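*Asks:* Single-letter residue listing:
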Amino acid sequence: MAEFEPKIIAFVCNWCTYTGADLTGTSRIKHATNVRIIRLPCTGRIDFMLLMKAFARGADGVIVSGCHPNDCHYTSGNFHARRRWILFRSLLNFMGVDARRIIFSWVSAAEGAKWAEVVNTAVKEIRALGPYDEYKNLAPIRASWRTEHAG
Amino acid sequence: MSRIGVFVCHCGENISATVDCAGVAEAMSRVPGVVHSVDYKYMCSDPGQTMIKDAIKEKKLDGVVVSACSPHMHEPTFRRACAEAGLNPYLCEMANIREHCSWVHEKSEATTLKAIDLVHKMVEKVKKNQPLYSIKVPVTKTALVLGGGIAGIQAALDIANAGHKVVMVERSPSIGGHMSQLSETFPTLDCSQCILTPRMVEVAQHPNITLYTYSELESMDGFIGNFKVRIRKKARCVDEKLCTGCGLCTTKCPTKKIPSEFNEGLGMRSAIYVPFPQAVPNKPVIDKTQCTFFLKGKCKVCEKVCPTKAIRYDQEDEIIEVDIGAIVLATGFNVLGAEHFPEYGYGRYRDVIQGLQFERIASASGPTSGAIRRPSDGTEPETIVFIACAGSRDEAKGIPYCSKICCMYTAKHAMLYKHKVHHGKAYVFYMDIRAGGKMYEEFVRRAIEEDDVKYIRGRVSRIYEEDGKLIVKGADTLLGHQAIEIRADMVVLASAAVANDGAEELAQKLHVSYDPYHFFAEAHPKLRPVETNTAGIFLAGACQAPRDIPETVSQASGAASKVAALFSQSELTREPVIAVVNRIAPPLYSTCTGCALCVPACPYQAIEMEEIKNRDGVVVKRAAKINPGLCQGCGTCVALCRVKAIDLQGFSNEQVFAELMAL
Amino acid sequence: MIKIAYYPGCSLLGTAREYDESLRAIVKKMGIELVDVPDWNCCGASSAHSLDHDLSVALPGRILMQAESLGLEDLVVPCAACYSRLMMARHELMEDAALKARVCEMTGMEFRGTVRPINIIEFLQKYSDTFTDKITAPFDKDVACYYGCLLVRPPKVTNFDRPEDPRSMDEIMSLLGSKPVEWDFKVECCGAAHSITRAGLVGKLSSKIIGNAVHRGAQAIIVACPLCHSNLDMRRNFINKAAGRKYDIPVLYITEAVGLAMGIGEKELGLHRHTVKVRYPEKVKVEAEPRPKAAAATKPTPAAQTEQTEEA
Amino acid sequence: MQDKIIQKAKELLSGGAVQVVIGYGQGTGDRVRAIFIQKPEDAGRLIMDGRCVQNLAGYLMKHEVRALGRAAIVARMPVLRSIAQLMYEEQFKDSDVAVIGISDANELVDLPDLNALKEYVRANPLKLTPEEQAEVDRLDAMTREERWAFWMEETSKCIKCYACRASCPMCYCARCTVEVNQPQWISVPSHDLGNLEWHIMRAMHLAGRCVNCGECTRACPVGIPLRLLNQRIIADIADNFGEEEDYALAAFKPDDKEDFIR
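Chains as they are written, first to last, in my numbering: chain A, 1 to 151; chain B, 152 to 814; chain C, 815 to 1126; chain D, 1127 to 1388.
Next up, chain A with everything else stripped away, as it sits in the complex:
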């Protein structure tokens, strides 16, 4: 059976990690294709419900990444995000949701190599954890348009 290819959705901040991912591109650092990046102005903008809905959408793993503390373009967006993540991760863990599947990181605009490494490690870890069927079986999930129409 072909090796399990995890579906991973990444919520990243525009000023640091998205630009860092751009640098990964300009430096041509190859990495796994499993991650789809969603750009938001700041980690402060990442609502906990987005992470929850990502799993509802059939994601096997979620990456959340933004500016290092003190480097936020908006001064404190990442500090608020960090507090939110501390509480949300603990709640999910308390309810038995597999918090290991949400990977949090700080990646600056100068860390192209680190972004590639975060992606590769995430894919390796999520592949080891296998598909998140436990969550997918909670309710019937409509297949994405692309899987039905564009193979």
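Everything labelled a hint here was simulated from the structure, so no lab data went into it. Keep in mind that this is a model prediction, so the values were computed, not measured. C-beta: ideal position from N, C-alpha, C; glycine also.
Listed below are the simulated SDA-like cross-link pairs for lysine to any residue, each with C-alpha atoms no more than 25 Å apart in a straight line:
id: 1; chain 1: C; residue 1: Lys1060; chain 2: B; residue 2: Arg638
id: 2; chain 1: A; residue 1: Lys7; chain 2: D; residue 2: Phe1386
id: 3; chain 1: B; residue 1: Lys279; chain 2: B; residue 2: Val794
id: 4; chain 1: B; residue 1: Lys192; chain 2: A; residue 2: Thr26
Heads up, incomplete: computed chain B residues facing chain D, CB under 8 Å, no partners named:
id: 5; residue: Leu739
id: 6; residue: Thr742
id: 7; residue: Cys749
id: 8; residue: Phe808
Got chain A sorted already, so can you dock chains B, C and D onto it with the hints?
*Replies:* Frame of chain A; chains B, C and D shown alone:
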């Protein structure tokens, strides 16, 4: 039903090398709501943009997705093209299938499928986009220049000559920066004081420029065009209006044994001092950490001798608030300190000095008034060894980069030494000579051929002192690979150029990003070298990377032109990516519950509570309201608001949700 | 009773027997028990890693794995060359999983990386309290501490002290009551293995080292590596020939200096095995060389009974 | 104790200080329910005993009760905490509410105005009782799979009647996000996904606001121990952010500790 156009770019073959662009375009044509889906070799080219404009007009598109490079690259380009075709620019989104897809994956079906996902999710997002209109914001036509070196001086003069007000803040008692410490400058050997001092005087006398020396940036708030800046003017203990600059106090001051920072510790200065003769402003400063009055409470000699009674011991630091429209960062660089070279004995042997110290020795206004003398015993050195790349290009010292200016000033130093001590022997240990500027290579050749400077290609491993001579152990990798030893009288290290101390704190105060070496980060290394990622803050000179004077001056003028462009319009159009608290029909007026939990979360204090009145003027409800002038669109309040009463234009809940659900 | 794993290495049972004897003498007084690594083998020294990379990691790897069976965390390795090979092997085994698999398969043992090799200076630093209060005859000589090349390099792997201007041995010697001199050849090469093939080269290089130490007024040179000792002591004839003068400055192991300071007899410390007789030349008054303020002064010696000679 | 309350109620009503007193009254059978006394002579109907635990603060937010004019409320500790939190969220002006405070030691507490109430609540910060902490720890001790099974079992009982929302004084939002369908944040049906998402959102939206009064658990017709979720967050806030006055998610410390961000 949406009428969306998808334009897939090949980017030459940067994308099409690993992504089947035609396949992506074909797949997108089958997405409900997409009425036009094509691929083309260069979407950002003129024909490419014309394709988009024509498609908008012919097919009456109400949404455009350009799948090509990063939005950081060409989002403005395509949004402008859409605006020209009559489509609201904020109905145009970019899918990054180059940096985030084609460049980082091998050619495979998975890569194309990922590209399809990336484009499809932007199509779903565009369906939820709303037309947005730029926010007009007034611009304060005053620029703040941080740093009084040649970069700050050039930028300030250019902006002032463009007719705008400038506030210059310099940390040390006088402007001039490192250039004022130099003796002559390459490649023409003209004396740095002669070309710099007139500019310094021009700054001091320019009607448009307000100069604050011995001052630092205390804090900065606001945003492009509307910065609120607080400057801390440190107490000089001298009343600048009364002081005539006669210098009597500096000569009469009893404490004279303080190593002068301007002379890099070689010369001495008094407790009340003017850094150098041509200082601008030529007003002394009391060094409170050394002045006996401040240490022991007695002396006051300077007050007694001062003819105009200008001494103010009780002068307090002053905080000055200024409204600023644009900021130019010109805080310059520093040289690597002594503690990094134990193998060269720097700091242990007084005759092992660094480049700036040699500049002071060679300078007419220096401690030896231009005569080349050894700091240890004041004798004239017969042999000087210059060591290039001292700390630069050295991973072990944590400085892998090349400091760019050392090859040139080392050749200059050797030349100055030979001009003053004809019989002297000058050796230069180098790895590679980097003389890429105009007339640079000829300058170095002249040092080698006419002034007989012996260039040895090799590294110096150790320097030790024996019978008063400095034994320089090195290797000559060109002539027979032998180890060589030179008995030198003086050694000059061309030490690495590093960021100024305090650069990191300044960057964090201004929310400007910086690289691992604490040099400030430019918006784009090639296309936007004088701008930072923070709108309204520009860069000039060596605070961004080691740089010589010609480049610094041209970059300063570049930054000045950016400021002049910003100040050319009376008001500024700002991206409408801001948060808005919803307002709906009565009786609810807004879903906001008035809990005000978002108010403290806003880093820009942009949220206040508004009293909503009904038609009879009775206050019906208190709901949050966001000041479009202050909001920067970070979205923290949007994610915080449990009732989803706040939404972020450009990244609204519906847009991000649609983007997520398309995956 | 503190227990420490001990790897003597071939030279400490051969040409550098006095290094082993002096170490065993001082640990007895320090109340530490040395537990030899069972069935230890040669660390490969310079020959292995010039021939076959896997072999050069497997040999020291096997020593580490044998030491792991003792269940002790620190492994004292007096010889700088063995220390360097063991550190390099541990570093590479931790970094390169494929290499680790090959080495484990080659040796038929499992590498867990629980043992950390420490050199003689780290050992003395860690257990300094066990000998500082037993100093009966302070070693009040002006000494030049010679670190050689392998103790401090490569910095990424050993990360021990400052690679260009180390201080740690100087600090231990000042604990013994001696005054380490400021000299410049702390980490310069003594010629190392060329001692066999091109002894003349060793003479030339080592004569510079000895010359600088004497020039700086040292009465003895302290070393922490059998190869440094053999080049500076056993090759003294080549050194004198290269320098064109006779140097009679003695060369001691740091363990010998510690032993002397604790009042242990010269015979028990193996001083009689040295080529250059251990007699200390007169304290030479170093001409008033202008000492800049920034010079790193040595720490004031804790032992009260030796007065601190005021520096020029 | 009961008669002191009746006496205070009479004073307030007859003095015209308040138009209604919200307290506990005899319900059908031996049950207790909230009663709204508007005339001094009806004050006798007020009772106070071990069964009076319902969090009456919720009624203060209903516009029908507000329409009756200025209210006084019989308030044990949880009710006092709810009022303090609602004040923090600017739902009351100082003049809106009078309080008949009852301390844990069953003593009448004189709280003339809402600032005094705030001080009183600040004096004894919210902490889980040892039993509550033990229950939370019992769940923590389980493996992830066991906890998942536990909560799947519990939330599968949920019929999305939203009684927990109706009973909670903190859930006063005019349009709750669970009703938002553009975008549809929370899956509507009460299948496993819908229930899980609803309970995650409810717990997160009460983070730093819930006063652990237990009303939601009491209100739940199918007996889901919802209180545990809020208690987990209360414990997390105390452990990670310490005793902070302001709303946990709108404030931050530059050196908040965490060990999971790479």
